[in-house]
Each structure stands twice: as C-alpha cells, then as structure tokens.
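Since the structure of chain A is already known, use the hints to place chain B on it.
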Amino acid sequence: MIRKELVAASAEPMILSLLARGESYGYAIIQEVKARSGGKLQWTDGMLYPVLHRMERRGLIKSRWAESETGRKRKYYALKKDGKTAMAKHQEQWSLVHSVLAGLKKEQYV
Amino acid sequence: MFDLEQSIADWRKQMLAAGIKSPVPLDELEIHLREEIERQMKSGLSEQEIFNSAVQKIGQAGLLKTEFKKAGGFIGWLGENKFARINRILGGFWLAYCSWMFFMIASSLLGFFLSYKPRATPDLYLAIVYEFILLRGIIASIRLFIGITRDRRIIRFIAGIGLMLFVVQIIIIRTWPLPAIALTVFNLATIWLLRPPQKPKSVAK
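Heads up: the sequence lines are chains A and B, in that order. Using the working numbering, the first residue of the first sequence is number 1, and each one after it goes up by one. Using the working numbering, the first residue of the second sequence is number 1, and each one after it goes up by one.
Bear in mind the hints are in silico, worked out from the structure with no lab data behind them. Hints are not guaranteed to be accurate.
To be verified - Taking lysine-lysine pairs in the BS3-like style, the calculated list, with each CA pair at most 27 Å apart, reads:
| id | chain 1 | residue 1 | chain 2 | residue 2 |
| --- | --- | --- | --- | --- |
| 1 | A | K89 | A | K106 |
| 2 | A | K80 | A | K62 |
| 3 | A | K34 | B | K65 |
| 4 | A | K34 | B | K70 |
| 5 | B | K65 | A | K4 |
| 6 | A | K73 | B | K70 |
| 7 | A | K89 | A | K40 |
| 8 | A | K4 | B | K70 |
| 9 | B | K69 | A | K62 |
| 10 | A | K80 | B | K70 |
Model, not experiment: these values are computed from the prediction.
Excised from the complex, chain A in its bound form:
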C-alpha cells in the first residue's frame, strides 16, 4: 500500500491529468485511479470531494450538474485553462522527482 502522504500529494496532479482526458465525476475518477494503480492507490472515497472543491475554488477546474444515462444526477468536473497550466507544472515536478529517484536506483545496481 502506498503511504498516506504520497497519496495526498499525488491527488491533485492525478485528478488534473484524468480530467485532461475529458470531463468526469467523482465516482468515476476514484474507479479510474483504482484501476490504473491496480488497487494500490487507495483514497478514502469521501476525501476526493473536498479536493475537487478546493481545486474548483482555485479556478483549476469547473463543474456542472448533469443527468447520466441512467437518470441519476451527477456533478461533472472539467479542466480549465489554469488547470492545464497547473497540470504541466505538476508533471514537470513529478518527472524530476521520478528521474532523480530512477537515477539513484540505477547507481545502486551498477
């Protein structure tokens, strides 16, 4: 299982990256993250919504209520221009962290 702090830190870039593929709603976002991480990245489901609301308040994403094909109301979130910029920054920073760690790991095996 991945550490709580890392899960929290990765939430925003992950949500931004998922929304970059198209608008989505809370439940679908959680299922997507679970599926992509093979269930190793576990969010407390309810905790996603405060993160989404904070991101919306900061102008990174926008939301709208719409009815799903089953007739259930859902709140759909979509990326805004500032969100795209934030996503690019996040990706750059995470790539840097990843490359440093990968380099160090490589040195251990040399």
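Below, chain B alone, put in the same frame as chain A:
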C-alpha cells in the same frame, strides 16, 4: 428487515448532524454512496453488508467536514450558503456596533455617577434601558456570528430603534449628518437582509 433507502436517509442525517450542511457536498457524497452500492450489488453480499462497506469507504463525517471546511477557504468559513454568509457578516458588524455603543454609553454613565450630585433624569433612565438592550444585542450578534440565528428579532429591534432615532433627529434637529445616514443604511440593510438559514435542497437519487 434491512431497508436500504431508510439507511441512506439515516446516513444523510448523521452527516448533517456532523456538520456537512451544505447540500452540494452532501448530495455528491450520497450519489457516490449510491453508485458504490449499485456496483457492489453483483458481489453476492447482502444489502446491509454492501451499505456498511460503502459507508466505510466514504469516510467518517467529522474528517470529511474538516476537509470540506479547509476546501471552502474564507468564503467557506463564512457559511455554506448566501444567507449564512450574510448573517455571519452582519453578526460581526453588529457585535462591533453594539459593543462600541455599549461602552460609549457606559463610560458616560460612569462619568455621570461619579460627578458631583448626580440627578436622575428621564435621559438617565433611557440610557440605562438602552444599555440593557445593547447588552442583549451583543449576545445576539455573537450568536448570529457563530451561526445561531434565533436572536434575529433582537438585532432587527435594535436596528428599528436606530431608524426611529434617525427620524427623530431629522424632525427635531433638522440635520442630515453623514454618519447617521450611513448608520441608517446599515439598519435598513440589516432589517432587509437578516433571514433564516436556507434549508438544503437535495438533488441526489
């Protein structure tokens, strides 16, 4: 016999009691809960087990409330809807106004009682009565500021007195001082804006 709809309604009440009052997060959480229950229906577990598991996944109400509060920032801190925010702002202003007036009159009264041969006049009795009203206003505005809106009538009453004094001032003194006009606008705004908190409307299901 387990009743899923009743259990969801009870869960919603628990969330409301824990402080997640704003309809939007609560509706989103309920929709999430229903989606999770629906997904697990094929698992072969009983409805009750599925419900319990979905509730556990959503998380504890207290923790969620803290996170939502953090997410709301200053606006969120002010209140979960427009009326709650207006009430809190008015509560703050009225607390400042009532406290200021209370201490101004109290200091005058103290000066009066300490003076040589104080004489009881109708003004003195009026000032003492007004002090009691202001003291009640301070308590009411503190309560309004922290979200208890039952004392709205008291604030409205003091605002009404303010309006009355303004009319008397115009009739007797025939002056239109700017601070009095500003205070009158504030009194009128209070009477007009103080409303009971909005009841959350659910869109979930």
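Outcome of the hint check:
1. Distance check on the hinted pair: K89/A and K106/A sit about 26 Å apart at the alpha-carbon level, within 27 Å; holds.
2. Only pairs whose Cα atoms come within 27 Å are accepted, and K80/A paired with K62/A is accepted, the gap being roughly 6 Å.
3. Distance restraint check for K34/A and K65/B: the Cα-Cα separation of roughly 24 Å lies within the 27 Å cut-off, and the hinted pair is therefore satisfied.
4. Our distance criterion of 27 Å between C-alpha atoms is met by K34/A and K70/B, whose separation comes to about 25 Å.
5. Of the supplied pair hints, the one linking K65/B and K4/A holds, its CA atoms being roughly 19 Å apart against a limit of 27 Å.
6. Only pairs whose Cα atoms come within 27 Å are accepted, and K73/A paired with K70/B is accepted, the gap being roughly 26 Å.
7. For the hint pairing K89/A with K40/A, the CA-to-CA distance comes to about 25 Å; that is within 27 Å, so the pair holds.
8. Taking the CA atoms of K4/A and K70/B, the gap is near 18 Å; set against the 27 Å cutoff, the hint holds.
9. Between K69/B and K62/A the alpha-carbon distance is near 19 Å, which keeps this suggested pair within the 27 Å criterion.
10. For the hint pairing K80/A with K70/B, the CA-to-CA distance comes to about 22 Å; that is within 27 Å, so the pair holds.
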